[in-house]
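There are 2 protein chains.
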Amino acid sequence: MPELPFRERLASAMESADSLICVGLDPQPNRTAADEILSFNTRVIEATADLVCAYKPQSAFYEAAGFAGWQALKDTIETVRRVAPHAFVILDAKRNDIGNTAEAYAQAAFDWFGVDALTINPYLGGDAVAPFLQRPERGAFALCRTSNLGAGELQSLQVGEGEPLYLSVASLARDWAAANHDNLGLVVGATWPDELAQVRARCPDLPILLPGVGAQGGDLEASVAAGVDADGQGLLVSVSRSVIYAGDEEDIREAAQDLRAAANAAKPARLSS
Amino acid sequence: MPELPFRERLASAMESADSLICVGLDPQPNRTAADEILSFNTRVIEATADLVCAYKPQSAFYEAAGFAGWQALKDTIETVRRVAPHAFVILDAKRNDIGNTAEAYAQAAFDWFGVDALTINPYLGGDAVAPFLQRPERGAFALCRTSNLGAGELQSLQVGEGEPLYLSVASLARDWAAANHDNLGLVVGATWPDELAQVRARCPDLPILLPGVGAQGGDLEASVAAGVDADGQGLLVSVSRSVIYAGDEEDIREAAQDLRAAANAAKPARLSS
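Residue numbers (the working numbering), protein chains in the order written: chain A, 1 to 273; chain B, 1 to 273.
Worth flagging that the hints you see were computed from the coordinates, not collected in a lab.
Check each hint, because a few of them may be wrong.
One copy or any two copies: either way a pair holds, since identical chains are not told apart in the list.
Subject to a maximum C-alpha distance of 25 Å in a straight line, what follows is the list of computed SDA-like cross-link-like pairs (lysine to any residue) [unchecked claim]:
1. K267 x L38
2. K74 x L38
3. K267 x Q216
4. K74 x D111
5. K74 x Q28
6. K267 x R9
7. K267 x Q28
8. K74 x D35
9. K74 x A34
10. K267 x E103
11. K267 x D219
12. K74 x G114
13. K74 x Q107
14. K267 x E163
15. K267 x A179
16. K74 x D205
17. K74 x A179
18. K74 x P29
The shape of chain A in the complex, shown without the other chains:
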């Protein structure tokens, strides 16, 4: 049976859990030893499976642990498939390169790890983004406005007729999505709610992956109000440390539950039905 297109699969993942919450599976090297990563992640996945639309492992933390880390990443993805079969898996890898090299990264993510989406960097242009968008049922999220303090150093440079670069990236991403399989979204940090509103206005229909709530200080309510689409969907609120290090399994579940409820309550009134 052929899989459904990317956007339908993503919408289904969000609707079936009635949740905008994506849990970042980011075992911090100084808090979780390499040989404990899988059991650590399994506990988080089991505690949150019915509460979230997606899991987002951060590739860097696994790579830093060497072979053991790569094995843990592959096993973690398989654990999500088994325990939370409705959920999307987004590999946070911020990859990009040109031509057949980008295709090799796509193979690593989609074919070898078997994830549904990965994060990519737009700096190389549309011909380097296209290899990530060749599988209609898989897709990518391109960095637009990142959550770090220095994000604006490049991303807010005024380009062309005076708009910041990140808005040009948003426009380009809209074109790239349309030129492929409508399977590209954007990454916008929750630390910049005004910029998020601008990006949503520019791209009413693109899914947005939103890191930065919680430990990084982004405001959940403001971000949800600014970031959801006209249907109160299309926004994946990614939280990590505040959930995965919340405490025991019950604490983890409660943290995810509270975030799901707060995010749903923050949808603009006409949408919260």
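Given the coordinates of chain A, assemble chain B onto it according to the supplied hints.
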């Protein structure tokens, strides 16, 4: 014994082989099977050890092969250390992320794989670049103007008072290098010799990694003339397919020899002494 600083180590690698040539260890998935990568690379390294200043494995091709690929990458790096101890190893990974995530990528590259430098993406700004520049003896090359046809889509957008984005990146990179350990260089594609000359004028002292000669059509002579620094150094001409797939060990050696000679001959006359 503490290691020398990054720039001294790089200069020493170039001088000891009297070579600007960096060989890209890029086993194409459709031409080299995963279990043949190490023997394929070993043959290339043995054939070229005294002719090149650096080797540059392209991470994507190894990642696409899964665990076997990661093992081959680690073994390849160890093979360079054994067979060509003078040579730099540059992991072409085009990584970046924020804060402690970037630090995890730096750990993966420098501590786990043990490379001397890696390529990084500048889109996230200087605070995301800094974690790659904390080891005085290791460093990074930031994408500036990439070799692909679509490079200009973002990189040539006019910013600020009307200069292309890639020149702003060049200026920022100069500042980032100075603010750390003078251990940041730039990636500029050989397919754009005019842009290369502009970048060299903007950053007289930064090392430049130059892919795109050979299969991608970049002109070696024009690039060397435009790209070397005032001492006729500071440019790493990266070639891959035209060397590694040249034929048997003798053909590979000959291809590297010819490129080394052509690159050295193309240095501006006052420098070729």
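Here's how the hints hold up against the structure:
no.: 1; hint: K267 x L38; in the structure: neither (34 Å within a copy, 54 Å between copies)
no.: 2; hint: K74 x L38; in the structure: both (9 Å within a copy, 23 Å between copies)
no.: 3; hint: K267 x Q216; in the structure: within (21 Å within a copy, 49 Å between copies)
no.: 4; hint: K74 x D111; in the structure: both (12 Å within a copy, 22 Å between copies)
no.: 5; hint: K74 x Q28; in the structure: both (17 Å within a copy, 23 Å between copies)
no.: 6; hint: K267 x R9; in the structure: within (21 Å within a copy, 56 Å between copies)
no.: 7; hint: K267 x Q28; in the structure: neither (31 Å within a copy, 48 Å between copies)
no.: 8; hint: K74 x D35; in the structure: both (13 Å within a copy, 20 Å between copies)
no.: 9; hint: K74 x A34; in the structure: both (13 Å within a copy, 18 Å between copies)
no.: 10; hint: K267 x E103; in the structure: neither (37 Å within a copy, 35 Å between copies)
no.: 11; hint: K267 x D219; in the structure: within (13 Å within a copy, 55 Å between copies)
no.: 12; hint: K74 x G114; in the structure: both (9 Å within a copy, 23 Å between copies)
no.: 13; hint: K74 x Q107; in the structure: both (14 Å within a copy, 20 Å between copies)
no.: 14; hint: K267 x E163; in the structure: neither (28 Å within a copy, 41 Å between copies)
no.: 15; hint: K267 x A179; in the structure: neither (30 Å within a copy, 43 Å between copies)
no.: 16; hint: K74 x D205; in the structure: neither (32 Å within a copy, 43 Å between copies)
no.: 17; hint: K74 x A179; in the structure: neither (31 Å within a copy, 38 Å between copies)
no.: 18; hint: K74 x P29; in the structure: both (17 Å within a copy, 21 Å between copies)
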